Amino acid sequence: MSALLALLIDGVIYASWLFIIAVGLTLIYGVMNILNIAHGALYALGAYTAASFGGYWLSQGYPPLGSYGALVLAAVVVGLVVGPLIERGLLRFMYGRDEIVLLLVTYALFLILEDVIKLIWGVSPQLISQPYGLLGTVELGNLIYPVYSFVLVAVSILVGVLLTWALRGTRHGKLLAVVIHDREISQAMGIAVRRYYLATFTVGTMLAALGGALTAPTVSVVPGMGVEVIVLAFAVVVIGGLGSLPGAALGALIVGLLRSAAVHYVPALELFAIYFVMALVLIVRPKGLFADEQVRSI
Amino acid sequence: MMDSNRTPLLLLLALLAVLVVGPLLPQWQFLLTVAIGKGLTVLGLLLLLRTGLVSFGQGLYYCLGAYAAGVLGHYWGITDAAILLLAAALTSAVVAAVLGLLLASYRSIFFAMLSLALSMILYGLLVKSQALGSTDGFNLAPPTLLGYPISGYEGRYALFGLACLLAFAAALALYYYFRTPLGRLSPAIRDNEIRVEYLGASVRNAVHIKYVIAGVLAGIGGALTGMTVGHIDPEMAYWTTSGEFVFVAILSGTGSVAAPFLGAFIFELIRTFAYEYSPNTWQLALGSVMLLIIVFLPAGLWSLFRRWRRA
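Note that the protein sequences, when read in sequence, are chains Y and E.
The opening position of the first sequence corresponds to residue 209 in this note's numbering, with each subsequent residue numbered one higher.
The opening position of the second sequence corresponds to residue 356 in this note's numbering, with each subsequent residue numbered one higher.
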C-alpha cells in the first residue's frame with residue numbers, strides 16, 4: 209500500500225514541477241503559434257538568476273525564509289527583462305511566417321541563451337540548497353518527504369488557478385480569446401494585438417523562469433540543464449494538446465505518474481515510457497488529448 | 356532547382372580533388388570523414404526540406420545505423436566496412452519503412468514533434484540498456500575492407516576514400532532522383548499538397564518513400580561516423596544531435612546536393628576551432644549564424660554561389 213502511495217505522491221510532485229514549466233510553453237503556443245524551444249533556456253536562466261538572488265539574500269544574513277521571495281523575484285525579473293527583449297527584439301519580425309520557421313528561430317535562440325548563461329555565470333555549478341531543507345520534512349506513513357515538494361504542488365495549483373481565472377474570468381482574458389481566434393479581425397476591431405502578444409510572451413517567460421527558480425534549490429544548477437527539460441515539456445504539452453491549459457495539467461499528470469510508476473517498477477523504462485506515450489498520443493490523437501476542434505481552448 | 360547539367364561533372368571533379376588532396380593533408384582526413392558522415396545525414400534532411408518537412412529526429416537513424424554497425428562488430432566480430440554499412444542501411448530502411456507509415460501523414464511541427472519523440476524513444480532505450488554500455492556506449496572494433504585494416508594511421512586513407520566515394524554516390528543518386536517524376540514531386544508537395552493529389556499523385560506514398568531514403572542516408576552516415584570515431588553512444592539519438600543536423604541543413608541550404616557536405620565540413624571546421632579557442636561561445640555563434648541565415652539568406656549558404664554565378 210505504501211509503495212502505491214509513494215508512487216502517487218512522487219508522481220504528483222513531479223507532475224507539479226512539469227506543469228509549471230509546460231504551462232508557459234502551451235500558453236505561448238496557444239496564443240502565438242510558436243513552439244518555443246528557447247523555453248528550456250529560459251528555465252535555466254530562471255534557475256541561475258534564482259541561485260544568484262537567493263545566494264545574495266542568504267549571504268546578507270537576512271531571515272532565511274525570505275529566500276523564497278528571492279526565488280520568485282528572480283522569476284519575475286527574468287520574465288520582465290528577457291521576455292519583452294525577445295518578443296520585441298526578435299519574434300515580432302517573424303510573425304506570419306511558417307510555424308516551422310518559428311520553431312527554428314526559437315532553436316537558434318535556445319543555442320544563444322545557453323551560452324549567454326555560461327558567459328554570465330561561468331561553467332561551475334551554482335548551489336542554493338538552503339530553501340529546500342528550510343521547511344523541514346513531513347512523515348506520511350513510513351515515508352519522509354521534504355515540505356518543499358508540497359510547496360511545489362501548491363504553487364503549481366496556484367499557477368493553474370490564476371491562469372484559468374486570468375484567461376476565462378477577466379476582460380483581458382476574453383479579449384485574448386478573440387485575438388487567438390482571429391488576429392486580423394481583432395486588430396480591425398481596435399484590440400491592441402501587439403500588446404497581447406507581448407504580455408503573453410512575458411508571462412510565458414516568467415513561468416519558464418519560475419519553474420527554473422523553484423527547481424534551483426533541489427539540484428545543482430549547471431550548464432545544459434534546460435536541454436533535458438525542454439523535451440520533457442514538449443512531451444507534456446503534446447500529450448495534453450498544444451495550446452490547451454487543462455491539457456498541460458493532464459499531460460503533466462500523465463507524464464508524472466508514468467515516470468514514477470516506471471521508476472518504482474521498471475527503472476529501465478523511465479525515459480522510454482514518457483516518449484512512447486508522447487508518440488502514441490501523436491499517433492492516435494495528433495492534436496493531443498484535450499484538443500478543441502474549432503477554437504484553441506486557451 | 357539546378358540550372359545546369361554540370362552538377363555530375365562538378366561532383367566528379369570534387370571527388371577527384373578531395374581524393375588527391377587527401378593524402379597530402381593526413382591530419383584533415385579524420386575531420387573530412389566525420390563531416391561526410393554528417394553530410395550524408397543532412398543530405399537526407401535536404402530531401403525532406405525540399406518536400407517541406409523538417410525532422411527533429413534524424414538522430415534516430417544516425418544512431419540506429421551506428422549501433423547496427425557496432426553490434427555486428429561487437430557480437431559477431433564482423434568488421435568489414437561494406438557489410439557494416441549495408442547492415443546500417445538495411446536496419447534504417449526497415450525501421451523507416453515502418454515508422455514512415457505513421458509519419459507520412461504528418462506535416463509541419465507535428466512531423467517535427469513525432470520524429471523527435473521517436474528518436475527520444477530510442478535514446479531512452481539505449482541509455483538504460485546495460486548490454487550496450489548505457490550512457491557510455493561502446494567502442495567499435497577497427498573496421499576492415501576486404502580483409503585489410505582501414506583504420507589507424509596506415510589505413511585511414513582507405514576509410515576516407517570510402518567515405519568520399521559514398522558521398523559522391525549518394526549525392527549523384529539524389530541528383531538523378533530529383534529529376535525523376537517522384538523526385539520532382541518534392542517541391543510540388545511543399546508548395547501545394549492538394550494540387551499534387553488532384554494531379555493524381557499520392558502525397559502520402561511520396562513522403563513515405565522520401566522519409567525512407569532520408570533514414571537510409573542517416574543510417575549510413577551514422578555507421579560511417581561510428582567507424583571513423585571508433586566509439587558510439589546514445590547521445591547520437593538525442594534531440595540535440597538531430598538539432599545539429601537541422602542547423603547544418605539550414606546553413607547549407609537546399610540549393611544543391613553538394614551543399615550538405617560543404618555545410619557539414621564548415622560546421623566541423625568551425626567546431627574544431629571553437630572547441631579549442633572559445634568553448635563557451637560556440638553555441639552563441641551557432642545560434643546567431645542560424646538567425647542571420649533565416650533572416651537574410653533563407654536559401655542557405657549555397658545560394659551565395661548561385662548569386663555569384665549569375666552576376
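Simulated from the structure, these hints should not be mistaken for laboratory data.
Hints may contain errors.
[Said to hold, decoys possible] Residues from chain E that keep clear of chain Y, each with C-beta distances beyond 12 Å, as calculated:
(1) GLN384
(2) ILE438
(3) LEU480
(4) LEU521
(5) ARG539
(6) ARG550
(7) SER633
[To be verified] With the Cβ distance kept under 8 Å, some of the chain Y side facing chain E (calculated, not the full set):
(8) LEU317
(9) ILE328
(10) TRP329
(11) VAL331
(12) VAL439
(13) LEU479
(14) LEU490
(15) VAL492
(16) PRO494
(17) LEU497
Since we're looking at a predicted model, the values are computed, not measured.
Glycine included, C-beta positions come from ideal geometry on N, C-alpha and C.
Each hint tested on the structure:
1. GLN384: Check passes; 29 Å lies beyond 12 Å.
2. ILE438: holds, 30 Å
3. LEU480: violated, 5 Å
4. LEU521: holds, 28 Å
5. ARG539: holds, 22 Å
6. ARG550: holds, 18 Å
7. SER633: violated, 10 Å
8. LEU317: holds, 6 Å
9. ILE328: violated, 11 Å
10. TRP329: violated, 11 Å
11. VAL331: With Cβ-Cβ at 7 Å, under 8 Å, it holds.
12. VAL439: holds, 5 Å
13. LEU479: Holds: closest Cβ of chain E sits about 3 Å from Y:LEU479, inside 8 Å.
14. LEU490: Hint on Y:LEU490: holds, closest Cβ of chain E at ~5 Å, below 8 Å.
15. VAL492: violated, 10 Å
16. PRO494: Hint holds; Y:PRO494 Cβ to chain E Cβ min 5 Å, cut 8 Å.
17. LEU497: violated, 15 Å
This entry does not satisfy hints 3, 7, 9, 10, 15, 17, going by the numbered hints stated previously.
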